Amino acid sequence: MKRVAVANDHRGHNAIEEIRAIISQLEMTCVDYSIPGDQPADYPDRAYVAGRAVADNEADIAILVCGTGIGMSIAANKIKGIRAALCFDELSARLARQHNDANVLCLSGDLIGSNTLRKIVETFLTTDF
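Okay, so the sequence shown: first residue is -13 according to our numbering, each after it adds one.
Everything labelled a hint here was simulated from the structure, so no lab data went into it. The reader is advised that the hints may include incorrect statements.
What the hints assert, rightly or not - In the BS3-like style, the derived pairs of lysine-lysine whose C-alpha atoms are separated by at most 25 Å in a straight line are:
no., residue 1, residue 2
1, Lys66, Lys(-12)
2, Lys(-12), Lys105
3, Lys(-12), Lys64
A quick note: this is a predicted structure, and the numbers were derived from the prediction, not measured.
Based on the provided sequences and hints, a complete structural model is requested.
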């Protein structure tokens, strides 16, 4: 069973709620490093904890959410062994997995709607390298 680490900063809370539900529906295990929406959090710290989980083999893949997804992507890619991809559509999610073997998906909590979010997450989690 695939283990999916999730983490967010304060702007990614609503999206993380949806992502946890998708992980459950796909019958995968959620390794939850998320924080409540009313709790302040810095994206580099949140990217590090979930990225380390993947690098240390405590999770197979991670999904990170901040306001734009850019900060999480930059921070996660500083961790040895992490290949984080910022995706805004289903195609970029598929190609990130198929062609780049991305092991961390970074998302915007502010710029992506619920339907698009679902398609991106499902595609990323079900596409193999």
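Status of the hints after comparison with the structure:
1. Lys66 to Lys(-12): Judged against 25 Å, a Cα distance of about 21 Å means the pair holds.
2. Lys(-12) to Lys105: holds (18 Å)
3. Lys(-12) to Lys64: Roughly 24 Å between the alpha carbons, so the hint for Lys(-12) and Lys64 holds.
Hint check: no violations occur; every hint is consistent with the structure.
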